[in-house]
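Peer 1: Below are the chains, spelled out letter by letter.
Protein chains: 2
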Amino acid sequence: MLTNSRLAYHTHDHKRCINAALQRAKVLCDEKHARLTPIRETVLKTIWASHQPLGAYEIVDNMTPKAQTGKRIQAPTVYRAIEFLLEQGLIHRIASLNAYIGCPFPGNNHKDFFLICRACGSTAECSNEQINSMMLQTAERTGFKMESQMVEISGLCPECQQGGQP
Amino acid sequence: MLTNSRLAYHTHDHKRCINAALQRAKVLCDEKHARLTPIRETVLKTIWASHQPLGAYEIVDNMTPKAQTGKRIQAPTVYRAIEFLLEQGLIHRIASLNAYIGCPFPGNNHKDFFLICRACGSTAECSNEQINSMMLQTAERTGFKMESQMVEISGLCPECQQGGQP
DNA sequence: TATGAAATGTTATAATATAACAAAATTAAC
DNA sequence: GTTAATTTTGTTATATTATAACATTTCATA
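If you read the protein sequences in the order shown, they are chains A and V. Here the first sequence stands for residues 1 to 166, numbered as in this note's numbering. Here the second sequence stands for residues 1 to 166, numbered as in this note's numbering.
Keep in mind the hints are simulated off the structure, nothing from the lab. Mixed in with the good hints there might be a few duds.
One copy or two, either will do: identical chains are not told apart, so a pair holds if it fits within one copy or between any two.
Keeping only pairs whose Cα atoms sit at most 30 angstroms apart, straight-line, the calculated DSSO-like set for lysine-lysine is [claimed, not checked]:
#1 Lys145 - Lys111
#2 Lys15 - Lys45
#3 Lys15 - Lys71
Using the sequences plus the hints, can you model the full thing?
Peer 2: Pasting the structure below:
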């Protein structure tokens, strides 16, 4: 099992997360000759500002205006960056929240699932090949040809259990 | 494993599906002293008109106008009925599609997953206790207290594989 | 540096969902 | 049974999420 739950749920040097994510993104985009433009990079950085999924308009709000003109970045621009980052596997969409989160393992060809804390919103990504193959098997047994999956688990992260969340 | 995939993906007497669903709904609501009003029943029937998840505004469009006044049912009314039906476990929300589908096994206290055909939209519901317990275990291993899950699998149903979908 | 392709800017609008309050219907209390 | 309280529905407006359409700019490269 692969997971970033330790980072997602506990205090840590988050700047390193961000820097590592940006570094990985640069390398991956370079390899694929995909253009990680300043706007795309800023959107990625904004998403990586926390381990909580961010809605598209939260990203819009958190983006700093253009240095030259002082104008705010508009929704379509952000959505286009999101689309790019999704295609490159650098972020994931959390459907149950209409929100986006950075992928800690981009490039890995894994099918992952998400552990979303309903109290603090922090979200970890896990992969478990055994579960994946069981889902594939179960689908197959009904004659269904599985192509992709979306697994979102809601509950309480370790920190919020301590905090006495109901 | 429990599933309605045979009904979801193959031609059958669908009126029986609908009638059975309405019957179960009535019994369950009766037991819980929940009021299955005419509007709520109509929304449920509209959702059960197919085995494909229906968007809220598709439901609005498919609802017949009020018999007395001839006026169309408005979105908030439909959303309130949806909310009620979700609470009673009579329908499910498919987050990846922003759409709603009838539950073939209401009352069962199961955690299910959905097999969504990307070609025809038909969607089956499956439960597999083994997968559930593995997810629970995996979450636990990271200290996460799992409370609910959302598993949506996309692919091709048996019929659409035959049809030569790419 | 001209040229085409890709990315971004800009405005408008589609699609999904809910807030707020009024009216009607139903249930409970007397 | 009639009244009061509660729940449901009607109605209007608006919030939120997402995309269409076209103009402009930037970038790669020929």
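Peer 1: Now tell me if each hint is right for this structure.
Peer 2: Structure-based check of each hint:
1. Taking the shortest Cα distances, Lys145 and Lys111 sit within 30 angstroms of each other both inside one copy (15 angstroms) and across copies (21 angstroms).
2. Taking the shortest Cα distances, Lys15 and Lys45 sit within 30 angstroms of each other inside one copy (10 angstroms), while across copies they are farther apart (52 angstroms).
3. With identical chains, the CA atoms of Lys15 and Lys71 are at most 30 angstroms apart within one copy only, with a shortest distance of 27 angstroms there and 57 angstroms across copies.
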